[in-house]
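A.B. asks: Sequence:
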Amino acid sequence: CQEDGTLTAPKQCLAVRCGPAPVQDRACRKYMLMVTSTGATRNLTSQHCFDDSKEEKPQDLFFMDEAFYTCVKGYTLDAIASGPKVHSRQCTATGEFTAALKCRAVICGAAPVDRHAKVLGDFAKHLNAVIQ
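Sequential numbering of the sequence shown, starting at 2, is according to our numbering.
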């Protein structure tokens with residue numbers, strides 16, 4: 002309220018900023034930007050894997066925006082070949098992203114037995130492991 006009894010113009014409310022979506026090992030990141038409080042839709046269709054070196058300027062995300070992560074080939078969220086590969090992290094009202102899930106190497110199971118070969122350790126159960 003001013004001296005003359007008139008009200009000053011209200012300040013505009015702005016969405017909380019979380020900054021760029023975090024980079025995640027063994028996953029590609031794609032943004033999904035939500036509808037803003039004014040009804041405008043923001044959209045970004047670029048996708049980046051592992052690091053920001055190829056991204057000119059990382060896109061800031063705001064409250065309710067989401068970044069989707071897809072595990073790269075040979076990795077899933079539960080280490081099962083047919084398991085889930087996509088998860089998301091949302092920008093929260095506190096300016097932090099929700100917790101990350103980890104992409105895990107697919108477990109291939111026990112190596113087949115061959116009379117002219119031997120399995121060296123249990124590491125041979127994972128993607129790209131070598132059996133001699």
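These are calculated hints, taken from the structure and not from any lab test.
Among these hints, one or two may not hold up.
Listed below are the simulated DSS-like cross-link pairs for lysine-lysine, each with C-alpha atoms no more than 25 angstroms apart in a straight line [unchecked claim]:
#1 103 <-> 74
#2 31 <-> 74
#3 86 <-> 103
#4 86 <-> 74
#5 74 <-> 12
#6 103 <-> 31
Treat the numbers as computed from the prediction; the structure is a model and nothing was measured.
A.B. asks: Taking the earlier hints as the rules, which of them does this structure contradict?
C.D. replies: 5
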